[in-house]
Amino acid sequence: MDVRAQVSMTFHLDKCIGCHTCSVACKNIWTDREGTEYMWWNNVETKPGTGYPTKWEDQEQYKGGWQPKGDTIKLRVADKVSTFANIFHQPHLPTIDDYYEPWTYKYSDLFDAPAGDDQPTARPVSLITGEHIDINAGPNWDDDLGGSAIYAQNDPNFHGLTQGQKEAFFELERMVLYYLPRICNHCLNPACVASCPSGALHKRGEDGIVLLDQEVCRAWRFCISACPYKKSYFNWKTGKSEKCILCFPRLESGQPPACFHSCVGRIRYLGVVLYDADKIEAYAAAPEGELLERQRDMILDPHDPEIIKAAEESGVHFSMVEAAQKSPVYKFVKEWKMALPLHPEFRTLPMLFYVPPLLPVLGYLEKGLYNVDAKDYFGSLEKARLPLKYLANMFTAGNEDQMQSALEKLLTVRTYRRAEEVGDVEAGKLEEMLKKTGLTPEMCEEIYRLTALPTYEERFVMPAEHREYATELVNDDPYSFKAEIGIGGFKGRPGRGL
Amino acid sequence: MTSDQLLFGVFPYLCIIIAIGGSVWRFTSDRFSYSSLSSQFLESRQLFWGSVAWHYGILGILTVHLVGFLIPDTILWWNTVPMRMYFMEITGFTLALFTLVGLLLLIFRRLSKSRIRAVTSPMDIALLTVLLIQVVTGLGIAIFYRWGSSWYASYAVPYLWSVLTLKPNIGLVSNLPYLVNIHMLNAFVMVLIIPFTRLVHFLSVPIEFSWRPHQLVRWHRREKIVGPGV
Chain A
1 MDVRAQVSMT FHLDKCIGCH TCSVACKNIW TDREGTEYMW WNNVETKPGT
51 GYPTKWEDQE QYKGGWQPKG DTIKLRVADK VSTFANIFHQ PHLPTIDDYY
101 EPWTYKYSDL FDAPAGDDQP TARPVSLITG EHIDINAGPN WDDDLGGSAI
151 YAQNDPNFHG LTQGQKEAFF ELERMVLYYL PRICNHCLNP ACVASCPSGA
201 LHKRGEDGIV LLDQEVCRAW RFCISACPYK KSYFNWKTGK SEKCILCFPR
251 LESGQPPACF HSCVGRIRYL GVVLYDADKI EAYAAAPEGE LLERQRDMIL
301 DPHDPEIIKA AEESGVHFSM VEAAQKSPVY KFVKEWKMAL PLHPEFRTLP
351 MLFYVPPLLP VLGYLEKGLY NVDAKDYFGS LEKARLPLKY LANMFTAGNE
401 DQMQSALEKL LTVRTYRRAE EVGDVEAGKL EEMLKKTGLT PEMCEEIYRL
451 TALPTYEERF VMPAEHREYA TELVNDDPYS FKAEIGIGGF KGRPGRGL
Chain B
1001 MTSDQLLFGV FPYLCIIIAI GGSVWRFTSD RFSYSSLSSQ FLESRQLFWG
1051 SVAWHYGILG ILTVHLVGFL IPDTILWWNT VPMRMYFMEI TGFTLALFTL
1101 VGLLLLIFRR LSKSRIRAVT SPMDIALLTV LLIQVVTGLG IAIFYRWGSS
1151 WYASYAVPYL WSVLTLKPNI GLVSNLPYLV NIHMLNAFVM VLIIPFTRLV
1201 HFLSVPIEFS WRPHQLVRWH RREKIVGPGV
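Chains A and B, in that order, give the protein sequences. Each residue of the first sequence is one higher than the one before, counting from 1 in our numbering. Each residue of the second sequence is one higher than the one before, counting from 1001 in our numbering.
Check each hint, because a few of them may be wrong.
[Unchecked claim] Only some residues are given here: those of chain B computed to face chain A with a beta carbon under 8 Å: (1) Thr1028; (2) Phe1032; (3) Leu1047; (4) Val1052; (5) Val1119; (6) Thr1165; (7) Lys1167; (8) Ile1170; (9) Phe1196; (10) Pro1206; (11) Leu1216; (12) Arg1218.
[As the list claims (entries may be wrong)] Lysine-lysine pairs mimicking DSS-like chemistry, simulated, CA-CA at most 30 Å apart: (13) A:Lys106 x B:Lys1113; (14) A:Lys279 x A:Lys74; (15) A:Lys80 x A:Lys279; (16) A:Lys326 x A:Lys237; (17) A:Lys80 x A:Lys331; (18) A:Lys237 x B:Lys1113; (19) A:Lys309 x A:Lys331; (20) B:Lys1113 x A:Lys55; (21) A:Lys389 x A:Lys15.
[Claimed, not checked] Derived, one-sided and incomplete: chain B residues facing chain A with beta-carbon distance under 8 Å: (22) Ser1038; (23) Leu1042; (24) Gln1046; (25) Arg1084; (26) Ser1121; (27) Phe1202; (28) Val1217.
Rather than coming from a laboratory, the hints here were simulated on the basis of the structure. Computed from a prediction, not measured in an experiment: that's the story for all the values here. All residues carry an ideal CB built from backbone N, CA and C; glycine is no exception.
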C-alpha cells in the first residue's frame, strides 16, 4: 500500500450564489498578465449552459480525459506514437476562438477624437493584435441563462433525456439554473500529466497539487487537449502552458486558496484525504457504473491505526494525517456520500467534489394559472425541476440511483431540520427517510452544522507545510528552490523566447 | 589567410562553438525561454498545411543528408545503377519540395495573420530568411547541378569529415559552384543561430516520453516520518 495525502475540495452547490467573487480573486492574483487575459483558473458557469471554453464537456470535440482500452485505459487525445506524429500540429487543440479574444476599449478616443457631429465612443480593441474587433464571446457569455436558446440548449449533459424533458427545461415557468464553480480538480490520475511529452506537469508528492514546471514546458500543447476539464491554458505570449496552482504559496503557510477564502456563499471546503496510490490505474479503469464507488473506496479511513501506520511508512507527514482526521471533505465524500465528482466518466479521478443542488420545487402552469405548490415547497424530489438524468450525467456518469441517493440525503437533512424548527412534519415521515438513507439524527445534525454554520477552521483544514525549513535543509539557496517550483528564478519579467 | 580559408576553415568552427556554448548558456541562464513557441493556439488551420509539410519534409531531408554523411561509399555504390540513382534523386527532390511549400506557407501565415504578427520576433524573421535561403539553394542545386547525391558523397562529405576531425580540407569545396558554397555556408549559419532563435526546440525532442510512466510525482522530501501517534 502506497499511502499519499491529497488536498481535496468540496463545493456545496446549493450555497453558490453565482457572484464570481472567486473568479475575480483568482484573476487579480494570478492571471492579470499579458497572455493570460483569457485564462480563468477559477470560473463559475451557469448550468444548463455550454460552459467555458464553449462545450468543454463534449469530448467528441475536445478529446479530453481517458477512455477504456481492454483492461486498462488510454488517453483520448493521443497515445505515445501519435503524440510524436502529431507534435508539429496537434489536431484536437482548441484555439483562442473556442474561448474568446481578449479585448480592452480604446478609451483615448473619448479624449482625442476631433470635434464632430457625433459623440465619440470607445471601441473595443483586441489585446492580442491591437486592432478593432467585434466582441461576440466572453467569459460567462451565457451567465444566468443569457442567450439560452443558443447556449443552454447545446449543453452536452442533455444526452439521454427525452424530448419532452428537454423542452420542459425551456418553458419560461419551469426555467431552472444553478451555478457550477470550477477550478483545476488536482486529479489522482491527471490526463494533463500523462500527456505532457516534456514531463513538465507533475503531481506534488506531499499534497497532490498538480503543477506545471514552466522551465520544462516546451509548448507541445498536449495538456490543453488532454485535460477534460479544460483547466490547462496556453499562454499565447510566453508560449508556455499555465494552470491553477491551488494557491500553494498560501496553502503552505496554512491559508486557504484565494478563491476559497473569498467565497461569499461559503460554499467551499478544503481538507486532506489519504488515498492508496497503488490503486490509481486499476480504479481509473473500472467499468463506468462503478467509477464513483471505486473512487470513494480509494479514499482511506484516517482513523484506522493500520492506515496511520501505513501512511507514516509511506512518508506522509503526521500533520497531514491529523488534518485528514478533521477533514470536512472526508465527511462529505466518504462518510455521508453526499459529495460527487464532476464527470467521473473522464476517468481522471478528480479530487474536487460537489454536493449537488437540491433546487426548490416551483410553480407549474394549470389552466393558464401559475400555481405554487407551497405544501411541499422543498420536500419533493419527483417534482424537482431538474431531471435526475441531467444531474446524473454531470456527477455520476449517468447513474440516476447514485444521484438520487445523494439528493435524498439532502432532503432528509432538510426534513430533519423542519421537524426541529417548525415541527409540522408528518409522523413517521422523517423516520422513514432516515431509514431509507441510512442517516441518523446525529448525522443530520452534523451535516446541518457543517453546511449552514461552519467556522473558518471547520471549512479549511490544512496544515502549514513549513517548507521554509525543509528547503533550507535540502538546498542552501532558496532562490534556486523558488525557480524549481515554477515561481521566480527569472532574469526580470518572464518574456517570450527569442 | 585567404577568404576561402576564412569561410571554409574558420567560419564553421566559429559557428559550431558559438552554437554549443550559446545553447548551454541559454539553457543554464534562461531555461524559461526554451520553447517551440507554438502559435497554433492563435491560428490552427493554415499551420496544419505549413507545419506538417515543413517538418516532415525537413526531417526527411536531414535524414538523407545524415545517411550520406555516415555512409558515403554506400551512396556512391547505390548510384552506380542509373535507375537507383534516379530514385534517390527524386526522393530527395520531393522532400525538398515539401519543405519549400511548407516554408512558404509558414512565411505567408506569419506575415498575413495579424494575430501571428503579434507574436513574431525579429529573430523569427531572421530564422525564416536563413531557412528559405537554405531550401531554395538546395533545390537550385538539385535542378541546375545534376546528381547532387553523388558529388555530395564525393566532395561535401569528405570536407565535413575533415572539419570534424579538425583538419579542414578547403580544396575539396572551394572550387564548387557558388550556389553550392552558399548552401554549405548557410548551413553553418543555421547551426550558428540555434541558441538565438526558437530552433532550440529541436534540442528538446522529448525522447524520454516514449518510455516514462503516465504519472509523474515530484517529492520535495520523502522519508519515513514517524509522528507522535494519534
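For each hint, the structure was consulted:
1. Thr1028: 11 Å, violated
2. Phe1032: 5 Å, holds
3. Leu1047: Holds. Min distance 6 Å.
4. Val1052: Holds: closest Cβ of chain A sits about 5 Å from B:Val1052, inside 8 Å.
5. Val1119: 6 Å, holds
6. Thr1165: Where the cut-off is 8 Å and the nearest Cβ of chain A is about 32 Å from B:Thr1165, the hint is violated.
7. Lys1167: 34 Å, violated
8. Ile1170: Violated: closest Cβ of chain A sits about 32 Å from B:Ile1170, beyond 8 Å.
9. Phe1196: 6 Å, holds
10. Pro1206: 4 Å, holds
11. Leu1216: Nearest chain A Cβ about 4 Å off; hint holds.
12. Arg1218: Given a least distance of 5 Å, the restraint on B:Arg1218 holds.
13. A:Lys106 x B:Lys1113: Judged against 30 Å, a Cα distance of about 22 Å means the pair holds.
14. A:Lys279 x A:Lys74: 16 Å, holds
15. A:Lys80 x A:Lys279: Satisfied, since the Cα-Cα distance of roughly 23 Å is no more than 30 Å.
16. A:Lys326 x A:Lys237: Distance ~43 Å between A:Lys326 and A:Lys237 Cα, so the pair is violated.
17. A:Lys80 x A:Lys331: Answer violated: A:Lys80 to A:Lys331 is near 39 Å, above 30 Å.
18. A:Lys237 x B:Lys1113: 15 Å, holds
19. A:Lys309 x A:Lys331: 21 Å, holds
20. B:Lys1113 x A:Lys55: 27 Å, holds
21. A:Lys389 x A:Lys15: 22 Å, holds
22. Ser1038: This hint holds: B:Ser1038 lies near chain A, its Cβ roughly 4 Å from the closest one there, short of 8 Å.
23. Leu1042: With a minimum Cβ separation of about 6 Å from chain A (threshold 8 Å), the hint on B:Leu1042 holds.
24. Gln1046: With a minimum Cβ separation of about 10 Å from chain A (threshold 8 Å), the hint on B:Gln1046 is violated.
25. Arg1084: Violated - the Cβ of B:Arg1084 stays beyond 8 Å from chain A, reaching only about 29 Å at its closest.
26. Ser1121: 7 Å, holds
27. Phe1202: 10 Å, violated
28. Val1217: 5 Å, holds
Violation of the numbered hints given earlier is confined to hints 1, 6, 7, 8, 16, 17, 24, 25 and 27; the remaining hints are satisfied by the structure.
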